[in-house]
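Sequences are here, hints too, so could you generate the full structure?
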Amino acid sequence: MSLPFRFARRLEVNNKRSTSYRISGAIAGLVASGLLLLLTSRNPIRLLGQSLDAIFGSQRGIEGVMVQSIPILMCAIGVALSLRMKIWNIGSDGQFLMGAFAAVGVGTKLDVPHWLLIILMALIASIAGAAWILIPALARAYWGVNEIITTLLLNFVALQLVLWSALGFWRDKKSQVTQSTEAVQAVLPRFPGLDSVSISFIVPIVLAVLFWFVFRSTRVGYEIDMIGGNANAAEFAGINVKRRIVTVMLLTGAIAGLGGMLQLTGAPGAQALSGGFSNRFGLSGFIVAALAGASFAGVLVAGLFISAMFYAGIALQTKGLSVYIIFGIYGVVLVGIAVGETMARFRLTRTDPTSAATTTGASA
Amino acid sequence: MFGIIDNAFLSIVAAAIPASAVIVLAATGAMLNERVGVLNLGQEGLIGVGAVFAVIASLQWNVRSPWLAMLIGMFAAAIIGTIFAFATVVIRANQVLIGLALALGGVGLSNQLGNGRTGSPISTLFGKLDPGSAFTKNQFLEAFLHQDPIVYIAYIILPAAIWFVLFRTKHGLLVRAVGESPGAADAVGSNVLGIRFAYTVLGTAISGAAGAYMVLTITPTWSSDIARGRGWVALAVVIFAAWKPFRVVAGALLFGAMISLDTTTQARGWKLPFFNAVNLSFFLSMLPYVVTLIAILAPAGAAKFGRKTRATDAPASLATPYFREER
Numbered sequence: 428m429s430l431p432f433r434f435a436r437r438l439e440v441n442n443k444r445s446t447s448y449r450i451s452g453a454i455a456g457l458v459a460s461g462l463l464l465l466l467t468s469r470n471p472i473r474l475l476g477q478s479l480d481a482i483f484g485s486q487r488g489i490e491g492v493m494v495q496s497i498p499i500l501m502c503a504i505g506v507a508l509s510l511r512m513k514i515w516n517i518g519s520d521g522q523f524l525m526g527a528f529a530a531v532g533v534g535t536k537l538d539v540p541h542w543l544l545i546i547l548m549a550l551i552a553s554i555a556g557a558a559w560i561l562i563p564a565l566a567r568a569y570w571g572v573n574e575i576i577t578t579l580l581l582n583f584v585a586l587q588l589v590l591w592s593a594l595g596f597w598r599d600k601k602s603q604v605t606q607s608t609e610a611v612q613a614v615l616p617r618f619p620g621l622d623s624v625s626i627s628f629i630v631p632i633v634l635a636v637l638f639w640f641v642f643r644s645t646r647v648g649y650e651i652d653m654i655g656g657n658a659n660a661a662e663f664a665g666i667n668v669k670r671r672i673v674t675v676m677l678l679t680g681a682i683a684g685l686g687g688m689l690q691l692t693g694a695p696g697a698q699a700l701s702g703g704f705s706n707r708f709g710l711s712g713f714i715v716a717a718l719a720g721a722s723f724a725g726v727l728v729a730g731l732f733i734s735a736m737f738y739a740g741i742a743l744q745t746k747g748l749s750v751y752i753i754f755g756i757y758g759v760v761l762v763g764i765a766v767g768e769t770m771a772r773f774r775l776t777r778t779d780p781t782s783a784a785t786t787t788g789a790s791a
Numbered sequence: 251m252f253g254i255i256d257n258a259f260l261s262i263v264a265a266a267i268p269a270s271a272v273i274v275l276a277a278t279g280a281m282l283n284e285r286v287g288v289l290n291l292g293q294e295g296l297i298g299v300g301a302v303f304a305v306i307a308s309l310q311w312n313v314r315s316p317w318l319a320m321l322i323g324m325f326a327a328a329i330i331g332t333i334f335a336f337a338t339v340v341i342r343a344n345q346v347l348i349g350l351a352l353a354l355g356g357v358g359l360s361n362q363l364g365n366g367r368t369g370s371p372i373s374t375l376f377g378k379l380d381p382g383s384a385f386t387k388n389q390f391l392e393a394f395l396h397q398d399p400i401v402y403i404a405y406i407i408l409p410a411a412i413w414f415v416l417f418r419t420k421h422g423l424l425v426r427a428v429g430e431s432p433g434a435a436d437a438v439g440s441n442v443l444g445i446r447f448a449y450t451v452l453g454t455a456i457s458g459a460a461g462a463y464m465v466l467t468i469t470p471t472w473s474s475d476i477a478r479g480r481g482w483v484a485l486a487v488v489i490f491a492a493w494k495p496f497r498v499v500a501g502a503l504l505f506g507a508m509i510s511l512d513t514t515t516q517a518r519g520w521k522l523p524f525f526n527a528v529n530l531s532f533f534l535s536m537l538p539y540v541v542t543l544i545a546i547l548a549p550a551g552a553a554k555f556g557r558k559t560r561a562t563d564a565p566a567s568l569a570t571p572y573f574r575e576e577r
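Just so you know, the protein sequences line up as chains A and B, in that order.
Take any residue in the first sequence, count from 1 to its spot, add 427: that is its number in the working numbering.
Take any residue in the second sequence, count from 1 to its spot, add 250: that is its number in the working numbering.
Treat the hints with care, as some may be off.
Unchecked claim - Derived pair list, reagent style DSBU-like, types lysine-lysine, alpha-carbon separation capped at 30 Å:
| hint | chain 1 | residue 1 | chain 2 | residue 2 |
| --- | --- | --- | --- | --- |
| 1 | B | K494 | B | K378 |
| 2 | B | K420 | B | K494 |
| 3 | B | K554 | A | K513 |
| 4 | B | K554 | A | K669 |
| 5 | A | K513 | B | K494 |
Stated by the list, open to error - What follows is a set of in silico ranges between Cβ atoms, one per label pair, in the way DEER data are often shown:
| hint | chain 1 | residue 1 | chain 2 | residue 2 | range |
| --- | --- | --- | --- | --- | --- |
| 6 | B | F496 | A | R437 | 41 to 47 Å |
| 7 | A | I489 | B | F555 | 51 to 57 Å |
| 8 | A | S468 | B | L375 | 28 to 34 Å |
| 9 | B | V438 | A | I741 | 53 to 59 Å |
| 10 | B | F496 | A | A660 | 38 to 44 Å |
| 11 | A | G595 | B | S474 | 19 to 25 Å |
| 12 | A | R774 | B | S431 | 23 to 29 Å |
| 13 | B | N257 | A | R487 | 56 to 62 Å |
| 14 | A | V728 | B | V438 | 44 to 50 Å |
| 15 | B | F555 | A | L479 | 55 to 61 Å |
| 16 | A | G484 | B | L375 | 48 to 54 Å |
| 17 | B | F555 | A | S602 | 48 to 54 Å |
| 18 | A | R670 | B | G444 | 40 to 46 Å |
Unchecked claim - Some but not every residue of chain A turned toward chain B, in silico, with C-beta under 8 Å:
| hint | residue |
| --- | --- |
| 19 | I575 |
| 20 | L579 |
| 21 | V584 |
| 22 | Q587 |
| 23 | I752 |
| 24 | G755 |
| 25 | G758 |
| 26 | V762 |
| 27 | I764 |
I should point out that these hints are in silico values taken from the structure, not numbers from a laboratory.
Glycine included, each C-beta is placed from N, C-alpha and C at the ideal position.
Given below as structure tokens:
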């Protein structure tokens with residue numbers, strides 16, 4: 428290697444350094460995105476000002492961010508849970524859609540009291556989300572098939588199934604123009620004192636606190652972290668790694684599926700299923716989990732941050748921002764996070780040309 | 251002379267061959283990346299970037315040659331690929347994260363750049379080669395051979411060249427060694443990072459060609475999310491094809507045929523028992539992804555049940571950054 432610098436592995440990686448490097452990476456990504464916006468003759472400083480104004484300038488903005496954050500956080504918590512095991516669930520979008528799909532099926536066909544219907548929808552949505560990751564989970568645990576592409580391919584199948592239901596077998600026949608299913612009548616009540624946020628906002632917060640506790644002080648959490656650290660060592664220590672992998676993956680799918688039901692029954696104007704039901708919440712959730720480094724306290728903070736960015740992208744569509752630009756910025760920010768994560772584990776040292784043979788830092 | 255069934259079959263073949271060429275090119279690019287140990291999940295983004303720059307070249311920069319427009323698309327994808335290679339090979343950041351970032355960012359970038367150009371027709375298209383009157387007399391041969399030059403490059407010239415370099419030259423041996431055992435390649439003096447970097451950028455350029463080809467032949471206009479999942483299918487084809495150039499062609503042809511079966515069925519309004527046209531169309535649009543999934547699971551399942559294993563086909567160092575100290 429003839430590079431003027433080289434990486435030496437740090438003997439110890441502490442969480443604080445890792446977190447601060449990831450955040451620095453994300454900020455560097457945002458700055459780089461701002462420079463790219465300048466290239467397309469947009470003023471990033473003014474857009475930032477307008478974004479902050481759109482978010483914090485009114486109660487509507489803050490509530491808008493909260494509404495966006497519910498599906499994003501649900502997907503992010505699922506992804507973070509599997510990331511603890513070093514498993515990449517890229518299919519949370521599909522699991523989210525299947526949860527909503529199953530919930531619409533129950534919610535528009537069953538004639539029972541609304542409170543009971545809500546409970547049934549939540550149950551069936553969790554089951555559907557878990558079912559949607561069952562094959563990738565079994566294949567990963569028992570056949571050693573990498574889960575990245577299998578979970579991802581099922582996103583496309585789920586999207587086609589949702590489109591099929593919205594335009595085909597569950598299409599709302601009363602209206603000739605809509606390309607969606609009938610709307611569910613059972614909706615969650617609004618959060619006290621808020622106009623558009625439903626009480627579902629507490630679900631991701633409760634889940635995040637629950638998992639934070641599970642990973643801090645229970646045996647199950649410790650075992651999952653152990654599998655993520657070194658699966659062979661965990662197996663040797665007597666943990667049934669394969670069964671744990673399947674359980675955790677099913678749970679991540681169930682959480683994303685429940686997220687789909689919460690969106691269907693809680694978000695304003697999302698009571699019917701259509702092709703645009705999921706605004707790629709799974710991808711946003713993935714970035715949240717990556718930014719948070721699978722820490723559940725971090726997921727909440729990063730989730731609100733990414734949701735605010737997403738909301739700004741929607742609110743400022745007339746002023747030169749767009750969802751496309753937000754996805755572009757996501758990409759750049761994700762590069763920043765990944766580079767930051769690597770940098771935290773390594774030290775950059777100058778190559779000493781006189782003693783290239785001696786290695787400093789890491790041992791072989 | 252030919253009945254309706256023959257004509258339908260021939261029209262599917264004639265449409266499937268160029269449609270599959272997109273997947274052949276993207277999968278070939280991805281395969282080159284993976285051969286040197288770099289997993290590039292960003293195919294979807296590279297197809298988008300290649301496509302949108304071919305569109306911009308044709309509509310805005312008045313490039314009159316489809317070849318030049320395609321080169322511009324490839325060049326744009328290679329620039330993005332250089333950033334990808336720098337992050338994954340030099341910085342050694344997590345390939346999954348950077349690959350997803352490329353998929354997201356590339357699709358976002360291309361949609362944004364193409365946004366105002368949706369629907370504008372592109373006139374600089376690849377013309378079809380005339381295979382000669384000896385072949386065009388037979389409808390069957392004509393459906394196969396009356397194709398544009400990129401089809402011939404994607405199906406024959408490119409895989410043959412890659413096969414020859416990888417499996418019949420000393421350089422190719424080193425390239426494969428970098429993907430299988432970078433430590434060993436390093437020990438015999440080959441430049442591991444240099445080879446990884448070069449083949450990563452080369453692969454992204456070929457993936458960009460897939461996008462450029464789409465807008466310069468198949469759908470001669472820009473539409474948002476132009477890759478429509480083909481990038482992910484291409485990644486699955488590489489696994490299905492066990493990282494071998496001509497198997498990539500065969501695998502891509504299978505999936506391309508399914509995609510064009512869907513469009514042909516829609517265009518002709520075909521029906522099946524129990525399915526009306528709407529249902530059939532949605533069912534067929536799911537099919538490529540379901541079959542891709544089965545194609546990934548089947549070899550692993552077969553290996554589990556005692557058949558000949560194919561698990562060792564993947565380059566051994568795939569998705570693993572190389573550090574000399576950890577050799």
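Given hint K494/B paired with K513/A - CA-CA distance at most 30 Å: Cα-Cα ~29 Å, so holds.
Outcome of range test on Cβ distance (V438/B, I741/A; 53 to 59 Å): Once the Cβ atoms are compared, 55 Å apart, the range 53 to 59 Å for I741/A and V438/B holds.
Restraint satisfaction for V584/A [CB to CB of chain B, less than 8 Å]: Interface hint status for V584/A: holds (5 Å vs cutoff 8 Å).
Hinted contact I575/A with chain B - closest CB pair below 8 Å: Check passed: Cβ of I575/A comes within 6 Å of chain B, closer than 8 Å.
Consistency of beta-carbon spacing, A660/A to F496/B, with hint 38 to 44 Å: Since the Cβ atoms of F496/B and A660/A sit about 42 Å apart, the hinted range of 38 to 44 Å holds.
Consistency of beta-carbon spacing, S474/B to G595/A, with hint 19 to 25 Å: holds (23 Å)
Beta-carbon spacing of I489/A to F555/B - inside the hinted bounds 51 to 57 Å or not: holds (56 Å)
Status of the hint placing V762/A at chain B (closest C-beta pair under 8 Å): holds (5 Å)
Interface hint for Q587/A, Cβ within 8 Å of any Cβ on chain B: Hint holds; Q587/A Cβ to chain B Cβ min 4 Å, cut 8 Å.
Given pair status - K513/A, K554/B, alpha carbons within 30 Å: holds (23 Å)
Satisfaction of the G758/A interface hint, Cβ to chain B closer than 8 Å: OK, holds: G758/A within 8 Å of chain B, min 2 Å.
CB-CB spacing for R437/A and F496/B relative to the 41 to 47 Å hint: Since the Cβ atoms of F496/B and R437/A sit about 45 Å apart, the hinted range of 41 to 47 Å holds.
Violated hints are absent here; each numbered hint is respected by the structure.
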